[in-house]
Amino acid sequence: MRSNIFSLDLAKETSDLIAVNPAAPAVALNHLKALLAERESYLNRLQQIQDDFVVLGIESHELTDGNPEIGFLLPRTLFDNELSNLIRELSAVQSIIRAFSELTTGSAEPIEVKQISTSDPLFFFGLAQETIIVIGAAVTWALNTWKQVEQIRKLRSDAAKIAALDDGNIQGQLEEKIKTFIAAEITSQTEKLVGDLKETPRKNEQRNHVHWALEAILSRVERGWAIEIKMIPPTTTTLADGETLSESEGKLKLWEIASQLSFPPMDGPPITQLPPPSLPERTNTARQERAPRRKIKD
1 MRSNIFSLDL AKETSDLIAV NPAAPAVALN HLKALLAERE SYLNRLQQIQ
51 DDFVVLGIES HELTDGNPEI GFLLPRTLFD NELSNLIREL SAVQSIIRAF
101 SELTTGSAEP IEVKQISTSD PLFFFGLAQE TIIVIGAAVT WALNTWKQVE
151 QIRKLRSDAA KIAALDDGNI QGQLEEKIKT FIAAEITSQT EKLVGDLKET
201 PRKNEQRNHV HWALEAILSR VERGWAIEIK MIPPTTTTLA DGETLSESEG
251 KLKLWEIASQ LSFPPMDGPP ITQLPPPSLP ERTNTARQER APRRKIKD
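Under the UniProt record's numbering, the first residue of the sequence shown carries the number 1, and numbering increases by one thereafter.
These are computed hints drawn from the structure, not numbers from a lab. Quantities reported herein were computed from a predicted structural model and do not represent experimental measurements. C-beta atoms are modelled at their ideal positions from N, C-alpha and C, and glycine is treated no differently. Treat each hint with caution, since some may be false.
Across the chosen pairs, the derived CB separations fall in these ranges [claimed, not checked]:
id, residue 1, residue 2, range
1, Ser248, Asp120, 29 to 35 Å
2, Pro22, Lys177, 52 to 58 Å
3, Ser246, Pro110, 19 to 25 Å
4, Pro264, Asn44, 27 to 33 Å
5, Leu122, Asn67, 27 to 33 Å
6, Asn81, Asp16, 49 to 55 Å
7, Thr200, Gln173, 51 to 57 Å
8, Ser246, Phe181, 33 to 39 Å
9, Ala19, Gly172, 15 to 21 Å
10, Leu83, Asn44, 39 to 45 Å
11, Asn44, Leu122, 44 to 50 Å
12, Asp120, Ile170, 33 to 39 Å
With a straight-line cut-off of 27 Å between C-alpha atoms, the simulated BS3-like cross-links for lysine-lysine are [stated by the list, open to error]:
id, residue 1, residue 2
13, Lys12, Lys33
14, Lys12, Lys161
15, Lys253, Lys198
16, Lys179, Lys192
17, Lys179, Lys161
18, Lys230, Lys203
Using the sequences and the hints, build the whole thing.
In structure tokens:
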């Protein structure tokens, strides 16, 4: 299946095709016919799969209210099938959500449990759209960070194969380079997220919370932790009933983030340490103040 049969840019692609072949509109027409036939065939296959699931008694979870949901996949290697360890990991997820919820909405919003799947447990939660956007962007950042780390790892592996370079100094230097790079990336991303907040006693606390959340995400992604975003595909042409332009733009941003979520397996043993599963303690001054709300940039 071609990836563009559900593209939001089909209209532009068709216009470009007509512009390239102005004297032969049949070329664009034939292209569209082939695209529609492929799309219909794909949808028919999906319908057949859905019908088979119904026969097997497997029900789907519908987004009845149209609001997006975010799922957290917790690999069993993270909790070793121990209930206490699973509770610890769910506590970490709750803390991550709280850190970003306070950053975007100004308070710790309620977390609505939408769906729970087994095997490797997958928990879907209903949250504010802007909170899901920031969490999704943080996970995307973590994935991009690990891509760069993998390049250094490959360099270290290649160096180990060369006799003249296979010594402790070079291997140790590359190992230290990875740790320094990860620490710098966490600090840099933290400042990007909290930099626009007004200066208050709560800002430093939020900086600590976001730093912890980014560290928690990065170390868990390295260990097979993943997220999934479920949402109704947005439209670029019209607003839904009661929907604001900002909400519509947020859906497009979230759709873009969701399309980038790909979790390749990590090579080698983990480099990072898992931080404690709870947010850093609040100060007495910070407890008395509501968290400032961050405006999401485009």
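Hints, verified against the model:
A C-beta distance of roughly 34 Å is found between Ser248 and Asp120, which places it inside the suggested range of 29 to 35 Å. At about 55 Å, the CB distance of Pro22 to Lys177 agrees with the hint of 52 to 58 Å. For Ser246 and Pro110, the Cβ-Cβ distance of about 22 Å falls inside the hinted range of 19 to 25 Å, so the restraint holds. Here the CB-CB span from Pro264 to Asn44 is close to 31 Å, well matched to the stated 27 to 33 Å.
Separation of Leu122 from Asn67 is about 18 Å and departs from the stated range, judged on CB atoms against 27 to 33 Å. As the Cβ distance of Asn81 to Asp16 is approximately 53 Å, the hint placing it in 49 to 55 Å holds. Taking 51 to 57 Å as the suggested C-beta distance range, the pair Thr200 and Gln173 does not conform, at roughly 41 Å. Checked against the hint of 33 to 39 Å, the C-beta distance between Ser246 and Phe181 comes to roughly 35 Å, which is consistent with it.
The hint said 15 to 21 Å for the Cβ distance between Ala19 and Gly172, and at roughly 57 Å that hint is violated. The hinted range of 39 to 45 Å is satisfied by Leu83 and Asn44, whose Cβ atoms lie roughly 43 Å apart. Separated by about 28 Å at the C-beta atoms, Asn44 and Leu122 break the suggested range of 44 to 50 Å. Our hint of 33 to 39 Å for Asp120 and Ile170 holds, since their Cβ atoms are close to 37 Å apart.
Restraint check for Lys12 and Lys33: the C-alpha separation of about 16 Å stays at or below 27 Å, so the hint holds. Annotation: proposed proximity of Lys12 to Lys161 is violated, straight-line Cα distance about 50 Å (limit 27 Å). Our distance criterion of 27 Å between C-alpha atoms is met by Lys253 and Lys198, whose separation comes to about 25 Å. At roughly 20 Å between alpha-carbon atoms, Lys179 and Lys192 fall within 27 Å of each other, so this suggested pair holds.
Pair hint Lys179 plus Lys161 holds up; C-alpha atoms about 22 Å apart against a cutoff of 27 Å. With a C-alpha separation of about 31 Å, the suggested pair Lys230 and Lys203 falls outside the 27 Å cut-off, and the hint is violated.
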